[in-house]
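All chains, full assembly: derive it from the sequences and hints.
Chains A and B, in that order, give the protein sequences.
For the first sequence, the working numbering begins at 1 and goes up steadily by one.
For the second sequence, the working numbering begins at 1 and goes up steadily by one.
I should point out that these hints are in silico values taken from the structure, not numbers from a laboratory.
Computed from a predicted structure; not experimentally measured.
One thing to keep in mind: the hints can contain errors.
Said to hold, decoys possible - Covered stretches of chain B, as calculated for chain A (at least 3 residues, CB under 8 Å):
{"hint": "1", "region": "49–56"}
{"hint": "2", "region": "87–101"}
{"hint": "3", "region": "104–111"}
Said to hold, decoys possible - Restraint-style ranges between C-beta atoms, simulated for each label pair:
{"hint": "4", "chain 1": "A", "residue 1": "L197", "chain 2": "B", "residue 2": "R13", "range": "41 to 49 Å"}
{"hint": "5", "chain 1": "A", "residue 1": "L127", "chain 2": "B", "residue 2": "R13", "range": "55 to 63 Å"}
{"hint": "6", "chain 1": "A", "residue 1": "G171", "chain 2": "B", "residue 2": "G30", "range": "51 to 59 Å"}
{"hint": "7", "chain 1": "B", "residue 1": "S16", "chain 2": "A", "residue 2": "V24", "range": "45 to 53 Å"}
{"hint": "8", "chain 1": "A", "residue 1": "I99", "chain 2": "B", "residue 2": "D167", "range": "39 to 47 Å"}
{"hint": "9", "chain 1": "A", "residue 1": "I99", "chain 2": "B", "residue 2": "G58", "range": "21 to 29 Å"}
Beta carbons are placed, not taken as given, at the ideal position from N, Cα and C, and that holds for glycine.
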Amino acid sequence: MLDLFWVEFKRSWLYLRRYPSEFVGAVVSLSILFLLLFLGARFLAGPGADFGERTEALLVGFLLWTLTIFAYNSLSFGLSEEAQTGTLEQLFLTPYGPIPLFLLRNLAGLGTQLLMLGSIALVLMLLTGARLSFPPLVVLPILTVLIGSYGLGFAMASLALLFKRVQQLLGISQFLLIFLLQVPLEGSGWLAQLGYLLPLAPGAHLARQMMSAGAGLDWGLLGLAFLNGLCYLGLGLLIFSRAVRAAKRRGLLFGY
Amino acid sequence: MNAVLEATGLRKRFGSLVAVDGVSLHLAAGEVLAFLGPNGAGKTTTIKMLAGLLWPDGGQVHLLGQSPHQNPGALRHLGAVLEGNRNVYWRMTALENLVYFGVARGLRYQAAQRRARALLEQLELGAKSHTEVRHLSRGMQQKLSLAVALMHDPELLLLDEPTLGLDVESALRVESMVRELAQTGKAILLTTHQLEVAQRLASRIAIIQQGRIVLEGRTPELLGRFAGEHYLIETETPLSPAQLSHLRSLGLEGEGPPYVYHGDSDGLWRLLEALKPTPLKKVARAEIDLLEVFLKVVGRA
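Here it is as structure tokens:
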């Protein structure tokens with residue numbers, strides 16, 4: 001399994017090294033997207049508005065959203081592309097089974113995704129003057145968000161496997177992720193209570209608190225966030241394994 | 001001999017179309033089975049069921065006793081070149097592809113590297129090891145697909161049109177590789193529309209049409225069975241019109257020489273008696289090639 005992780009890791013770095021324009025394009029377009037959102041918000045707020053700490057909060061939210069999108073999208077895009085190019089069936093000939101292979105592929109792709117995220121963060125900090133504090137422990141809530149995102153990614157990949165063309169749905173559903181990452185858990189209203197059950201929400205809330213407000217790590221909430229992430233990952237894997245069965249029964253692994 | 005592949009009663013239906021209907025195949029170590037049929041007969045559907053990529057509606061597949069549909073570990077015994085598919089990543093080099101798929105099939109990283117280099121040399125692709133696949137010719141890509149299937153040294157190879165698109169030299173190289181692999185004990189199931197290739201390589205033939213196996217047997221026996229009804233007869237001296245007229249009443253055909261006799265061996269002996277004492281130059285069973293057998297079987301079915 002370690003060797004499989006290593007070849008998947010090498011594969012993702014090879015693509016990055018061999019096609020740097022795709023990497024630069026993603027950094028530039030995502031940075032421009034944030035600036036448009038940021039400048040648009042400032043324009044709407046009026047010339048005297050000072051965002052202060054809100055800039056940091058916005059930036060943290062945006063970076064987390066970007067990381068979530070990578071985790072959520074990559075498997076579906078990968079499956080659609082491989083079905084189109086004809087390598088998908090060769091992947092399903094692995095004796096490890098497709099789920100372990102795709103899990104490792106997700107993990108192996110994290111390195112390049114984090115490099116991209118770091119580049120976007122640097123560009124945006126330079127352009128907006130925002131300064132992010134990054135306590136090492138914030139990795140833990142971000143990890144819970146990632147786990148949950150992979151779960152949602154597997155659920156979406158099930159649709160990609162069965163219907164192949166899901167790019168439109170993927171594009172639209174990315175905006176649902178913004179909502180999930182911004183659900184407020186403060187207070188005792190029904191939305192806050194519901195928020196603990198929504199995917200990604202507890203971990204995102206915790207990361208936001210730590211990175212933009214300098215709050216300490218709430219271990220209780222972290223445990224809950226892990227539980228939440230693992231539940232959604234389990235659900236995603238369950239849906240994906242059923243989709244694999246359906247695809248094999250209906251002959252959908254080949255053709256596009 | 002122990003079966004490397006044992007498939008029994010495979011059935012598959014897509015909506016109202018019955019794609020495969022009760023196909024059974026078995027393959028022992030060292031055997032090459034040519035799995036032939038016209039387009040849409042059910043060859044690829046059957047191959048995908050054998051490889052665990054498509055679940056059958058009925059029947060079972062076992063690779064060395066293990067079902068690929070229930071245990072993905074059974075796929076360690078199988079390598080496949082799938083027709084119409086790319087099989088490899090175009091953005092990676094030949095060597096990178098082999099190492100990737102070798103590890104994905106269960107090899108350790110170092111072992112995959114050694115095996116990949118050896119296979120690239122064997123397939124005369126050594127000079128292209130570090131070339132991205134998209135820059136390789138169609139023939140080289142096809143050879144690389146074969147190398148991917150061989151990386152983990154599986155006992156069973158499913159080769160769906162392995163010589164498609166290859167130039168003559170490459171096709172002959174692949175053909176001799178298939179022969180060598182069979183000699184080393186690999187069981188090989190081969191589909192091809194190039195029937196002369198099938199005839200040269202296959203120890204057994206199975207012809208499928210409309211989802212059913214319509215003919216199966218050992219290659220020489222099948223060819224013999226279909227050729228058995230025709231004999232070529234040549235005499236040292238020309239036959240007189242009276243002699244010819246008598247012989248024609250016994251079944252001799254053609255304007256000769258050579259003449260053709262179509263019938264069983266008793267009739268042949270009667271004809272030879274009637275030919276006495278004309279000196280004979282040649283009496284031989286007419287040879288038939290796989291193309292003729294295929295056309296007869298497919299036409300009849």
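Under the constraints set out in the numbered hints, which ones does this structure not fulfil? When the structure is compared with the hints, none of them turns out to be violated.
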